[in-house]
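S.K.: Listed here are the chains, written in short residue letters.
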Amino acid sequence: MYCIETENLDYKFSPDQQVLKSIDLQVPTGTIYGFLGPNGAGKTTTLRLLLGLLRKQSGRISIFGKTFENNRTAILRNTGSLIESPSVYAHLTARENLLLLQKVYQCPENRINEALETVGLAHTGNKKAGRFSLGMKQRLGIAIAILHKPELLILDEPTNGLDPNGIIEMRELLKKLNKESGMTILISSHLLSEIEKLVSHLGIIHKGKLLFQGPMEELQQKQKQRSTTYLDTSNNLRVAELMHSQGHMPSHHNGMIGIPVVDKLELARLNRELLQEGIDVYQIHTQRTDLESIFMDLVQN
Amino acid sequence: MQFIYCFQAEWIKRKRSLSSWLVIIGAFFTPVILLFIKLIYYGKLKAGNLNPKFWEIHWKNSWESMAIFLLPIGIILSASLITQLEYKNNTWKQWHTTPQHFTTVFFAKLTVIIVMMVQFFILFNIGIYLSAVIPGLFVKGVSYPPAPIPYAGFLKQNMVFFITCLPIISLQYLAGLHFKNFLVSVGCGIALWILSIASLTWKFSFTIPYTYTSLYFLKNDGRFKQTVSIESWAFLYFIAFTVAGYILYVTKKEKG
Numbered sequence: 000m001y002c003i004e005t006e007n008l009d010y011k012f013s014p015d016q017q018v019l020k021s022i023d024l025q026v027p028t029g030t031i032y033g034f035l036g037p038n039g040a041g042k043t044t045t046l047r048l049l050l051g052l053l054r055k056q057s058g059r060i061s062i063f064g065k066t067f068e069n070n071r072t073a074i075l076r077n078t079g080s081l082i083e084s085p086s087v088y089a090h091l092t093a094r095e096n097l098l099l100l101q102k103v104y105q106c107p108e109n110r111i112n113e114a115l116e117t118v119g120l121a122h123t124g125n126k127k128a129g130r131f132s133l134g135m136k137q138r139l140g141i142a143i144a145i146l147h148k149p150e151l152l153i154l155d156e157p158t159n160g161l162d163p164n165g166i167i168e169m170r171e172l173l174k175k176l177n178k179e180s181g182m183t184i185l186i187s188s189h190l191l192s193e194i195e196k197l198v199s200h201l202g203i204i205h206k207g208k209l210l211f212q213g214p215m216e217e218l219q220q221k222q223k224q225r226s227t228t229y230l231d232t233s234n235n236l237r238v239a240e241l242m243h244s245q246g247h248m249p250s251h252h253n254g255m256i257g258i259p260v261v262d263k264l265e266l267a268r269l270n271r272e273l274l275q276e277g278i279d280v281y282q283i284h285t286q287r288t289d290l291e292s293i294f295m296d297l298v299q300n
Numbered sequence: 000m001q002f003i004y005c006f007q008a009e010w011i012k013r014k015r016s017l018s019s020w021l022v023i024i025g026a027f028f029t030p031v032i033l034l035f036i037k038l039i040y041y042g043k044l045k046a047g048n049l050n051p052k053f054w055e056i057h058w059k060n061s062w063e064s065m066a067i068f069l070l071p072i073g074i075i076l077s078a079s080l081i082t083q084l085e086y087k088n089n090t091w092k093q094w095h096t097t098p099q100h101f102t103t104v105f106f107a108k109l110t111v112i113i114v115m116m117v118q119f120f121i122l123f124n125i126g127i128y129l130s131a132v133i134p135g136l137f138v139k140g141v142s143y144p145p146a147p148i149p150y151a152g153f154l155k156q157n158m159v160f161f162i163t164c165l166p167i168i169s170l171q172y173l174a175g176l177h178f179k180n181f182l183v184s185v186g187c188g189i190a191l192w193i194l195s196i197a198s199l200t201w202k203f204s205f206t207i208p209y210t211y212t213s214l215y216f217l218k219n220d221g222r223f224k225q226t227v228s229i230e231s232w233a234f235l236y237f238i239a240f241t242v243a244g245y246i247l248y249v250t251k252k253e254k255g
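First to last, the protein sequences are chains E and Y. Residues 0 to 300, numbered by numbering that gives the first Met the number 0, are exactly what the first sequence covers, in order. Residues 0 to 255, numbered by numbering that gives the first Met the number 0, are exactly what the second sequence covers, in order.
The shape of chain Y in the complex, shown without the other chains (with noise of 0.2 Å):
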């Protein structure tokens, strides 16, 4: 049950913070962005419509920019932000003078991250079909997207691009514990980024924890044909990454 207490009052915590507004603003980014475009180019609103495969476009072209660049950002942006709340208002020796073990507040927090991960992504989803049907409204003679939803398609898609975030949120949540400084663990973050993006093209970037957003996306794409799965790669990171942020955070000699 302490557990759960301790949820509730970390899921306070986020309340009005830049990370949750980062997870909502993050959400309707592209979709926002695509809904533009359509409405710009609404001449080919009708034609692309009645594309047979019109969902499964709109899904690819909604992940592009997502995948490789906005949801590492993001993440990297949200968990650190999420850890940074303690330091930056010095609320750590508070927190760590309440009745609760450092296991139930590390997992806890952890916790709050990834649930804050679920509603981007259902946002995210919310988002992508807005931006599908919204156009067609506006625009006389174009009708609502007559081909089906491929549901399961897109459901086992967001499980995978989950499971791929699951290493960049570990070591970003490691690091915000880790680091007072703020620019540390998001600098950190960003070189790893950025090192992922540079190694793309490369035999064994799978072997870099904040590429397989990237890599997953592009392997949908028929862009990487290495036979490695990927979600193992990323799980096992995770809780590598998780096990040594919980040694780093009990072991820690000053809690506040």
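The shape of chain E in the complex, shown without the other chains (with noise of 0.2 Å):
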């Protein structure tokens, strides 16, 4: 069951500008999904198209099985959200800025406290959130998005103006958001590095097409295929062909053998039967590709 999914979604600024192009999103029921892609890529048109901030021009957009302009205030009212910079009213505390939300919601006026303190602004008092530094009107986004307990959270670059510590911070409480309700997330990024850590499921766009879409261990196997396991030996000429007899593609890198990485156990059987033809083995070693680099491949090409 997809908590978003969208079809065949296509948006144009104007005519020769393509921004989104056949975008087919699916994003499951109770994951945390990161929506990858450089600047520019189209992420923050696709969670606007989302949030019906944007008018859909082509395609199908469903959140929780239901299209989302037959039923838009119905869907908002289980979704919270953080598009870009966050939108706090300048001359308000931070209390106030969730009361008026409340008043929308209608959700209990005691989740003002327990969003508050969520994410540590329970001791602003009447600090005007205008007065407030970027993270913490980037975490008053966030209680904003979360005080109404929605079902699904789109977030996009929440990450934007936190430090380190913040960054750690934010990615633990939706952590925690997900695991203890069960909340889809959807939060965009530019950074592979920085979600890679939080979520379950992946979804790759440039230039408006999405590239790549799957579970988190898909793009981790990729990463295993790509990774390469270095021989080097006495006679690397012979190494080949045993090499190549067991199907294993090598191929030569500066002096060394390389093959495509194997499990331990099967890397120490080649080890033996090396040494069993009579070859000296000085030196194994597999280098691996980060997702990083798979990002950017799938980017680049």
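Since the hints were derived computationally from the structure, they do not count as laboratory data. One should not assume that every hint holds.
Calculated pairs, DSBU-like style, for lysine-lysine (alpha carbon to alpha carbon, straight line, at most 30 Å) [said to hold, decoys possible]:
hint	chain 1	residue 1	chain 2	residue 2
1	E	263	E	196
2	E	148	Y	252
3	E	208	Y	251
4	E	126	Y	14
5	Y	254	E	206
6	Y	254	E	20
7	E	11	Y	254
8	E	148	Y	87
9	Y	14	E	102
10	Y	252	E	206
11	Y	251	E	55
12	Y	179	E	126
13	E	127	Y	87
14	E	55	Y	87
15	Y	254	E	148
16	Y	179	E	206
17	Y	252	E	55
18	E	127	Y	14
19	E	126	Y	87
20	E	127	Y	254
21	E	127	Y	179
22	Y	87	E	102
23	E	102	Y	252
24	Y	252	E	208
25	E	65	Y	251
26	E	206	Y	251
27	E	223	E	263
28	E	208	Y	254
29	Y	252	E	65
Sample of chain Y residues facing chain E (criterion: CB under 7 Å; computed from the structure) [to be verified]:
hint	residue
30	4
31	92
32	253
33	255
Cβ pair distances, simulated, as ranges [what the hints assert, rightly or not]:
hint	chain 1	residue 1	chain 2	residue 2	range
34	E	259	Y	251	49 to 57 Å
35	Y	102	E	291	41 to 49 Å
36	Y	158	E	65	42 to 50 Å
Beta carbons are placed, not taken as given, at the ideal position from N, Cα and C, and that holds for glycine.
Mind docking these for me? Both chains are given alone in their own frames, and the hints should help you get the complex.
M.R.: This is the structure we're talking about:
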């Protein structure tokens, strides 16, 4: 079951400026879905379309199994969001900012204190939001998004302006919300390193096209497939022959033989076999391709 | 019910905002000046207070600058500032992702501006009364004005002045919602107000929607002699601008 599903979602700001091309987003219910892409890839446009901030031009948007245009208010009642920079009324306190939304959502008033405590802003008292640091404003934005305990949270680059400690806190908070209340979280970012420890599913968008979508393990599998184990031996030619005969696809790299990564038992067996063949093994090491490189490969290709 | 909740939220937003201060400052500006004038020229107070037309004269003096200058400018600024709160704080995108119909949001915000106008009229009337009676407390031998306060007449005039404000409210609201830049809506408003002042002597001045507060004052003063119903013109403009503003708002492609 998908919490968010889009089909052939296109968007053009002008006839010659197509921002989204047939986006088929599938965010499974109860997951943390990372929506990754470089700046200008179309992440914010997609999220704005999901929230009805931009009028859909073509395609289909379904949230909680309902089409957005026919169920806008019902969907938004169960959705919290933070799009780009935080939206806070600078002349009001943090509490007042939440109070006015509490009126609209008609959630219990004690949720205001709970939300403020959750994001660590309960102590701000009469301080106006305009005097908050960017990190504090960002946290207030999160408090606004979670005030009514939504089933779905849509966050567009929520860690902007946060210090490293704030980023870790935010990550832990989102994990907690997902784990404890089963909240589905769609979070966009342009940095894989920032969300790889958080998300269970990932979508990679570039120039308006969705290049990859699936569980994080699928990307990690790709990472494994692209990593190489290097063998430095006394007879590389013979090693290449042996590896080829066993289907390991050897390649030559700076006087070493490279093979796709194998599990540790297979590696130990290969090592034994080389020794039995009378080949001296000077060095075996594995060079892993990081997820960032895979992301860059996807984006650059 | 959603409208009431939305109105409550909008009412919280105006707290401590410049527009809410404008209502208070604007309402007491003229009465405070009149009060000082009366205190400076305290010698004339006794005779003035005993005048059987005291309240009518005081009322006219209070409304003169208000009707022609302060009220239109105050509305231009207040209505634009209310909508500017969303642009300035970058909050349209948050507000438009709350579970509210756009119609509710539009009319709740407009209602806040109208209620603020009512607040202004109440405060201004209190100011008028206080500026009439306070000077007498400080000057020996000056009694409370014995002439009866013509409540019914003043109430009627308040209502008509209020109706004459409606076109300015609705057009400024439309401009404030549509243009991100505060200067555009304020600039348009001031330009229209200048046009209205310049055209006051023109026989078709009643076709310009920002003239009505001035024309009504001049009518009461016997200086505007057209037989057209200013109130009707004002009300029709108000409906037309509100409908146009609503259509523009609801059909806007980007909602923040």
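S.K.: Each of the hints needs a verdict: does it hold here or not?
M.R.: Cross-check of the supplied hints:
Between residue 263 of chain E and residue 196 of chain E the alpha-carbon distance is near 25 Å, which keeps this suggested pair within the 30 Å criterion. A distance of roughly 29 Å separates the Cα atoms of residue 148 of chain E and residue 252 of chain Y; the hinted pair therefore holds under the 30 Å criterion. Pair hint residue 208 of chain E plus residue 251 of chain Y holds up; C-alpha atoms about 26 Å apart against a cutoff of 30 Å. Straight-line distance between C-alpha atoms of residue 126 of chain E and residue 14 of chain Y comes to about 14 Å, which keeps the hinted pair within the 30 Å bound.
For the suggested pair residue 254 of chain Y and residue 206 of chain E, the alpha carbons sit about 23 Å apart, so the restraint of at most 30 Å is met. As the CA atoms of residue 254 of chain Y and residue 20 of chain E are separated by approximately 22 Å, the hinted pair is consistent with the 30 Å bound. Proximity of residue 11 of chain E to residue 254 of chain Y is assessed by CA-CA distance (about 16 Å); at most 30 Å being required, the pair is judged to hold. Between residue 148 of chain E and residue 87 of chain Y the alpha-carbon distance is near 27 Å, which keeps this suggested pair within the 30 Å criterion.
With a CA separation close to 15 Å, the supplied pair residue 14 of chain Y and residue 102 of chain E stays within the 30 Å bound. Restraint check for residue 252 of chain Y and residue 206 of chain E: satisfied, since their Cα atoms lie roughly 22 Å apart, inside the 30 Å limit. For the hint linking residue 251 of chain Y to residue 55 of chain E, the alpha-carbon distance of about 12 Å falls within 30 Å, and the restraint holds. For the given pair, residue 179 of chain Y sits about 27 Å from residue 126 of chain E by alpha-carbon distance, which is consistent with the 30 Å threshold.
Restraint check for residue 127 of chain E and residue 87 of chain Y: the C-alpha separation of about 15 Å stays at or below 30 Å, so the hint holds. Taken as a hint, the residue 55 of chain E and residue 87 of chain Y pair is honoured in the structure, with Cα atoms around 26 Å apart against an allowance of 30 Å. For the proposed pair residue 254 of chain Y and residue 148 of chain E, the alpha carbon gap of about 24 Å is at most 30 Å, so the pair holds. With a C-alpha separation of about 28 Å, the suggested pair residue 179 of chain Y and residue 206 of chain E falls inside the 30 Å cut-off, and the hint holds.
A distance of roughly 9 Å separates the Cα atoms of residue 252 of chain Y and residue 55 of chain E; the hinted pair therefore holds under the 30 Å criterion. At roughly 12 Å between alpha-carbon atoms, residue 127 of chain E and residue 14 of chain Y fall within 30 Å of each other, so this suggested pair holds. For the hint pairing residue 126 of chain E with residue 87 of chain Y, the CA-to-CA distance comes to about 19 Å; that is within 30 Å, so the pair holds. Proposed proximity of residue 127 of chain E and residue 254 of chain Y is supported: the alpha carbons are some 26 Å apart, at most 30 Å.
Taking the CA atoms of residue 127 of chain E and residue 179 of chain Y, the gap is near 23 Å; set against the 30 Å cutoff, the hint holds. Our distance criterion of 30 Å between C-alpha atoms is met by residue 87 of chain Y and residue 102 of chain E, whose separation comes to about 22 Å. A hinted pair counts as satisfied when its Cα atoms are at most 30 Å apart, and residue 102 of chain E with residue 252 of chain Y qualifies at roughly 27 Å. The suggested pairing of residue 252 of chain Y with residue 208 of chain E holds, with an alpha-carbon distance near 23 Å, which does not exceed 30 Å.
With a CA separation close to 24 Å, the supplied pair residue 65 of chain E and residue 251 of chain Y stays within the 30 Å bound. For the hint linking residue 206 of chain E to residue 251 of chain Y, the alpha-carbon distance of about 26 Å falls within 30 Å, and the restraint holds. Pair hint residue 223 of chain E plus residue 263 of chain E holds up; C-alpha atoms about 13 Å apart against a cutoff of 30 Å. Between the alpha carbons of residue 208 of chain E and residue 254 of chain Y the distance comes to roughly 24 Å, so the proposed pair stays at or under 30 Å and holds.
Among the hinted pairs, residue 252 of chain Y with residue 65 of chain E is consistent with the structure: their alpha-carbon atoms are about 22 Å apart, no more than 30 Å. Look at residue 4 of chain Y: its Cβ gets to within about 5 Å of chain E, closer than 7 Å, so that hint holds up. Because the beta carbon of residue 92 of chain Y sits about 5 Å from the nearest beta carbon in chain E, less than 7 Å, this interface hint is met. The criterion of a C-beta within 7 Å of any C-beta in chain E is met by residue 253 of chain Y, whose closest approach is roughly 6 Å, and the hint holds.
A hinted interface residue such as residue 255 of chain Y counts as satisfied when its beta carbon comes closer than 7 Å to some beta carbon of chain E; here the least separation is about 5 Å, so the hint holds. For the hinted restraint 49 to 57 Å between residue 259 of chain E and residue 251 of chain Y, the CB-CB distance of approximately 54 Å keeps it satisfied. For residue 102 of chain Y and residue 291 of chain E, the Cβ-Cβ distance of about 47 Å falls inside the hinted range of 41 to 49 Å, so the restraint holds. The hinted range of 42 to 50 Å is satisfied by residue 158 of chain Y and residue 65 of chain E, whose Cβ atoms lie roughly 47 Å apart.
Figure legend: structure checked against the earlier numbered hints; every hint is met.
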